[in-house]
Amino acid sequence: EPEVTQTPSHQVTQMGQEVILRCVPISNHLYFYWYRQILGQKVEFLVSFYNNEISEKSEIFDDQFSVERPDGSNFTLKIRSTKLEDSAMYFCASSIGGQKTGELFFGEGSRLTVL
Amino acid sequence: AQSVTQLGSHVSVSEGALVLLRCNYSSSVPPYLFWYVQYPNQGLQLLLKYTSAATLVKGINGFEAEFKKSETSFHLTKPSAHMSDAAEYFCAVKGQAGTALIFGKGTTLSVSS
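These protein sequence lines are chains A and W, in that order.
The first sequence runs -9 to 105 under this note's numbering.
The second sequence runs 94 to 206 under this note's numbering.
Simulated from the structure, these hints should not be mistaken for laboratory data.
Do not take every clue at face value.
[Stated by the list, open to error] What follows is a list of derived Cβ distance ranges for each label pair: (1) W:Glu108 to A:Ser56: 41 to 51 Å; (2) W:Ser203 to A:Ser71: 33 to 43 Å; (3) A:Glu93 to W:Thr165: 16 to 26 Å; (4) A:Lys73 to W:Ser173: 37 to 47 Å; (5) A:Glu8 to W:Asn134: 20 to 30 Å.
Using N, Cα and C, we set each Cβ at its ideal position, and we do this for glycine too.
Just chain W, same shape as in the assembly (with noise of 0.2 Å):
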């Protein structure tokens, strides 16, 4: 059965430093796997997707992930963060059934300046 584990349930950064939000995952097809953002008081947003085209893949607010079969991971970073990042960012994979995703438990994003 698909899953994905994200170590760290809470990371800190200061403003300009690298992000680096870590997910692995579990399949035993190959995965599509997304990364969610949810700011404050607002439902879950779609950073990007990873769809077995490009491994190293871009989304919005210059946040990327890359997807590395041999570590069964797909961690997701941003070279220097902005206070607007800080919000809570779940790692998801699709299950094998059908068209529902599987989460992670999160990781909350903190930024100081």
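This is chain A alone, in the form it adopts within the complex (with noise of 0.2 Å):
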């Protein structure tokens, strides 16, 4: 069964450095999500992606953040210079549309853990 997966599935940085998370989306879905848990709190979402471009973001998501899909298979969130409060869960997800009622693929997870 196609599924969603991510690496590194645990990462610890210092502040202040850079982090990528990557995935790798089904092969066949259009539309590309993060979303992060801090321990204890909501899942939040960060970003969906489509058409290689940001189609919506929330205020989490800030200058701080980017994404990218640098070839047919990887999508990748990008944190500049992580604070200890960026320490989550980050989750990617896919769907195979844009629809209302489409259903969202999550992955297993990346924890990152800043020091």
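Fit chain to chain and form the complex, with the hints in mind.
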């Protein structure tokens, strides 16, 4: 069964360092998403990506964040200069289309720890 | 703006007992509602979704949810809990603007023998 894969599963970094989280969405999906979950808090939407551009983003997704689809398979989230409060589980998701009722398929998450 | 509230961060039941996980939504338009489950060390998996067709929605693994507009609720139930149901459960609503989901805080379900 096709699945969304994320790497790394866990990354520890120093404050101020750049981090890139990688995702391989399901191959025939057209919409891609990043969510995060700070420990004990809600799963929060960060950004959605369609047709090689951001289609929607939340207030959390500020200038420190960027997304890219560098080739036909990978979808990356970059955090330019990490802060302590960026420590969270980051989930990538994809969906086959942008219909309101479309199901999102999630990866297992990448846990980011900023020291 | 759309939002969901999950009542109870942790629910404990005995094997064979009824499972009831509560979710209330806030939406200015007819909502699209979802329940996702996350098993340990796995991603979020769709359990079921409400898309304005039948108000009682059946999902995988024997779970179902009923959309009640008068109560703005979408509670998840299962008649008889199994040990394998132990997981984190998330209620979500489709955002008004686009395709993203807005999640609740999650409820951890524990099942004891």
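Mind listing which of the numbered hints don't hold for this structure, in increasing order?
-> none
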